Structures are given as structure tokens and as C-alpha cells.
Amino acid sequence: MTSTAGAPATETGAGISLAEVGRAFGPTVAVSGVSLTVPLHGRLSIIGPSGCGKSTLLNLISGLDDPDEGTIEVLGTTSSADRLRRCAWMPQRDLLLPWRDVLGNAALALENQGMKRKTARAQVAGLVERFGLGSFERQLPHQLSGGMRQRVSFLRTLVAGKEVLLLDEPFGALDSITRADLQQWLRSALDSEPRTTVLVTHDVEEALLLGSQVVVMTARPGRVAAQYATDFPVGASRRELLRLPEFTELRDELLARLEEAS
Amino acid sequence: MKRLRGVLPPVIVLLIVAAIWDLVIHLGNVQNYIFPSLESVFRSLYDNWSPVLASATWVTGKEMLLGFLISIAVAAAISLGLHLSATLRNAIYPLLIGSQAIPIVVIGPILAIIFGYGIQPKLIIVAISCFFPIVVSLVDGLASVDPDLIKVMRTLDGSRLATLLRVELPSALPSFFSGMRIAAVYAPIGAVFGEYAGSQNGLGYVLVQATPQLNTDLVFAAVFLLTVMSILLFVLLSVLERVCVPWAGKGKR
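In the order they appear, the protein sequences are chains A and B.
Note that numbering that gives the first Met the number 0 has the first sequence beginning at 0, numbered continuously upward.
Note that numbering that gives the first Met the number 0 has the second sequence beginning at 0, numbered continuously upward.
Beta-carbon label-pair distances, calculated as ranges:
| id | chain 1 | residue 1 | chain 2 | residue 2 | range |
| --- | --- | --- | --- | --- | --- |
| 1 | A | S134 | B | L7 | 39 to 45 Å |
| 2 | B | I109 | A | A172 | 55 to 61 Å |
| 3 | B | A247 | A | T118 | 28 to 34 Å |
| 4 | B | R159 | A | R129 | 28 to 34 Å |
| 5 | B | R159 | A | H40 | 31 to 37 Å |
| 6 | B | A100 | A | R116 | 44 to 50 Å |
Below, in silico cross-link-like pairs of lysine to any residue (SDA-like), each with a Cα-Cα straight-line distance of 20 Å or less:
| id | chain 1 | residue 1 | chain 2 | residue 2 |
| --- | --- | --- | --- | --- |
| 7 | A | K115 | B | S158 |
| 8 | B | K150 | A | R84 |
| 9 | A | K117 | B | R165 |
Listed next, the stretches of chain A that the computed footprint assigns to chain B, with coverage defined by at least 3 CB atoms under 8 Å from CB atoms of chain B:
| id | stretch |
| --- | --- |
| 10 | 76-89 |
| 11 | 94-104 |
| 12 | 110-117 |
FYI, nobody ran anything at the bench for these hints, they're computed from the structure.
Here the structure is a predicted model, which is why all the values come from computation and not from measurement.
Glycine is no exception: its CB is placed at the ideal position from the N, C-alpha and C atoms.
Given only the sequences and the hints, what does the whole structure look like? Please build it.
Spelled out as C-alpha cells, the structure:
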């Protein structure tokens with residue numbers, strides 16, 4: 000599959016690795032002693048109770064923030080400026096620009112990279128179409144449903160052409176039906192546009208559906224309590240997965256771990 | 000029908016006020032030079048329109064509009080500076096607030112001494128009266144962008160300039176317009192004070208001439224014209240806002 004979103008560099012080796020990372024804000028230790036690795040094009044889900052430093056961890060990986068202790072390596076580079084160049088971050092709220100239509104919002108990163116507005120819009124039109132937003136491309140954000148806005152927000156993140164996607168509870172603000180729909184959508188989107196992904200969520204099912212690895216964190220300070228690898232059949236739909244005995248077993252295990260953690 | 004419902008209530012209130020006005024004048028047998036009847040105000044407006052009031056309105060209107068445009072330009076430049084540099088903010092903001100403590104009435108004569116009776120001192124006074132609310136609201140608007148959105152821009156390769164142009168300036172437009180609408184109210188006050196301090200034409204000049212002559216009809220006619228110009232400026236800004244900020248007030252920001 001050819002990418003219209005600007006092909007990310009296909010380097011070999013580790014995607015993301017964290018070694019003994021710690022970060023404190025004043026007297027509050029947000030995360031401490033976190034070590035993780037995500038292989039290139041791997042998908043890691045992080046779950047944990049609120050206040051376990053999940054979002055802090057994403058900010059640290061993205062290069063928006065620097066750790067007090069330990070090192071973070073993203074595609075072989077460690078400085079925050081280099082990490083920022085390789086990571087795209089998507090927060091829980093869509094934060095679309097209300098004065099730009101769907102195409103304009105999706106094209107934002109390309110314009111930031113110096114492309115002319117018209118060229119950028121033309122370039123993202125294909126991707127917008129392919130991800131089921133074609134008939135909405137001229138609509139403004141306030142004309143879209145919450146789920147649609149979140150899709151546009153994800154496309155905007157994808158279009159930046161970054162190798163690493165950091166998703167901070169991307170569906171946290173949506174109702175459960177839309178959420179299930181978008182989980183399925185995101186799975187197929189990532190299958191067709193593979194990226195190294197770190198997803199933060201407080202939803203165990205979402206973590207299992209979207210991650211090939213799942214990390215459980217404890218709160219205050221945020222530490223890694225347990226790590227699991229998921230090994231579900233490729234190409235299975237969300238509903239098929241939810242019925243699998245392995246899936247329900249792992250879900251119960253994770254829920255038990257989460258209860259211990261909080 | 001909808002438009003009518005918007006216009007009707009203020010028109011009714013206006014008619015009631017006019018009726019009470021006339022009733023008080025006639026029943027109370029108030030002298031015209033103390034408080035003129037509406038009828039005599041409008042007759043004076045009609046009689047004096049050409050040449051006195053027409054040219055005075057033109058002069059004062061020009062001062063208001065030009066002074067207001069200058070204040071917008073100056074305020075926009077100052078706001079951008081304050082927004083982009085914390086040093087500048089610390090250095091200049093206290094002075095700006097201090098500048099507002101200087102009474103306009105005092106500045107008028109000084110400027111008249113420096114610049115004479117021409118249009119310059121009026122433009123300066125209008126600009127000084129108007130720029131402050133614009134600066135405050137524009138600086139607020141630029142700074143009140145969601146911090147997460149700024150972070151998103153950084154991870155989407157947005158430079159400082161890109162963030163300013165694509166995110167901060169458009170987000171600040173609604174506050175910018177609020178500031179301008181507040182400032183528009185000060186424009187006629189500034190122009191009239193400027194003319195009080197020394198002028199050869201303008202509605203302020205008409206007021207200065209008519210008051211000691213107890214030509215109260217004319218005073219009220221001039222005030223009426225000032226009010227109309229203020230309202231027109233305000234309406235113009237509201238229309239411009241609707242054109243420039245069509246997304247305002249639609250869904251969450």
C-alpha cells in the first residue's frame with residue numbers, strides 16, 4: 000500500500016526504548032523507574048488508574064518534556080528536539096481548528112512543513128477519502144459528530160508523516176458505541192498505515208484491541224506493574240476478538256492487576 | 000419576521016422614552032433653553048444641517064474613524080509585541096496601565112499647543128482613548144489558546160510563526176472584536192475632547208459654540224449626531240465580526 004501521508008523512514012531496530020525514566024513535578028513524582036521497549040511498527044497500550052503518569056510518559060517520549068532521570072530513545076535519537084521531529088501526539092480532545100474544514104485541519108502538518116495550502120489540501124484529499132471522510136471534506140468541525148472529529152484529529156496526526164504516534168486516550172470523550180466503532184476504524188487504519196504506536200487508555204478492552212503489548216502502571220509514583228503480550232488472530236474483527244476465550248482471560252487478568260494498582 | 004422581532008423591542012422602548020420626554024416638557028412647561036422638546040431638537044437639526052452640522056459631522060466622523068483605525072494598528076502592534084516577548088510584557092504593561100490614568104481632558108490642551116488646531120491632536124486623543132481595551136482583549140485572546148493545542152502544533156512541526164498565524168491569531172479574533180467594540184464607544188468622546196481643546200470645526204466645536212449661547216436645541220442635535228455615529232461604528236464592527244469570525248459561538252471552541 001502506498002502512503003499519501005508522506006512515507007515515514009523505515010529504519011531497522013528499536014522504535015522506542017525507555018531506560019529507568021523518572022520525572023517529578025515539584026514534590027510529586029509522576030513516573031519513576033520506567034523501562035519499556037516498543038519495536039518498530041509495534042503497538043504498545045498503557046493502562047493504569049488516573050494519576051499513574053500515563054500522559055506524562057507520552058509527553059516525555061514525544062520530546063515535549065524531558066525526563067529528570069533515565070534516557071529515552073526514539074528511532075536511535077535521544078535529544079528532545081530529535082524526538083519531537085519523530086513523534087506526533089494526539090490528545091483526548093480533538094482540538095480541531097474551528098475555522099478550518101476537514102481537509103484544512105488534516106493538512107495542517109503539511110502546511111507547517113512549508114507546503115502551499117492548495118497543494119497540502121490536494122495531498123490529503125486521498126487519505127481523507129480512504130478513511131471514510133470524503134463526503135465531509137468541506138465541513139467545519141462544529142458540523143461533525145464527536146466521533147467524526149476524532150477521526151479527523153487522528154488523520155491530522157497521521158498526515159504529519161511521523162514514524163511514532165502517541166495517542167493519549169484518543170476515544171476517552173466518546174460514547175461507547177462511537178468508541179467501539181472508532182476502535183475498529185483505528186485498527187484498520189494502523190494496519191494500512193503501520194506506525195510505531197503508544198496508546199494510553201483507561202479502558203482494558205481498548206488496550207487489548209489496539210495493542211500488541213499491554214503495560215499496566217501503578218499510581219503515585221507511576222511505575223510499570225506488569226507487561227503482557229497479546230497474540231490474537233490477525234484480521235479478526237472487534238466482535239470476534241471480544242468473544243475469544245484468550246481475550247476474556249487476559250482482560251480479567253488485566254482488570255485484577257488494575258485493581259491492585261489503584 | 001425574525002429580523003422584525005430583533006428591531007421591534009428597542010424601537011418600542013425608544014418611542015416610549017420619546018413620549019415621556021415630550022409629555023414632561025409640555026406638562027412641566029419647561030423652557031426650551033433648559034431642556035428642548037424633541038420637536039425643536041429635530042427642527043434645529045434640520046435648519047442647521049447645511050452648512051453647520053453637515054460639515055461638523057464630516058469633520059468629527061473623519062477624526063473618529065481615522066483615530067480609531069490608528070488605535071487598532073497601534074494596539075495590534077503592541078499586543079503582538081507583548082504576546083511574543085515576556086520581557087516586553089514586563090517592561091511595557093505597567094506603563095500602558097499608567098497611561099490610562101492620565102485624564103484625556105488634560106492631554107487635549109497640551110496637544111493643541113504642540114500641534115495646533117488641525118486634525119493631528121484629535122487623532123492622537125481618539126487613538127489614546129481607544130487603544131487600551133483593544134490591547135487588553137487582544138493580548139488575552141492570544142494567550143488564551145488551549146495549551147494542548149500549542150503542544151499539538153509543536154508535534155505537527157509548527158514553528159513559532161506557524162503557531163501564531165494558524166492558531167493564535169485566528170483564535171484571538173473574537174476577543175479582538177470585543178475589544179474593538181468597547182473601544183468604538185470611546186472614539187466620539189476622544190474626538191469631542193480634542194475639539195474642546197481647540198478646533199475650528201466639528202461637533203465638539205459646535206457644542207462649545209452653542210452652549211454659552213444657550214442654543215440648547217443645537218447642543219442636543221449635535222449630541223444626537225454623535226450618538227448616531229457611535230452606533231454606526233458599533234454596528235459596522237458587529238457586521239465585520241460576523242464576516243471575519245463565522246465560526247464563533249458554534250459548538251465548543
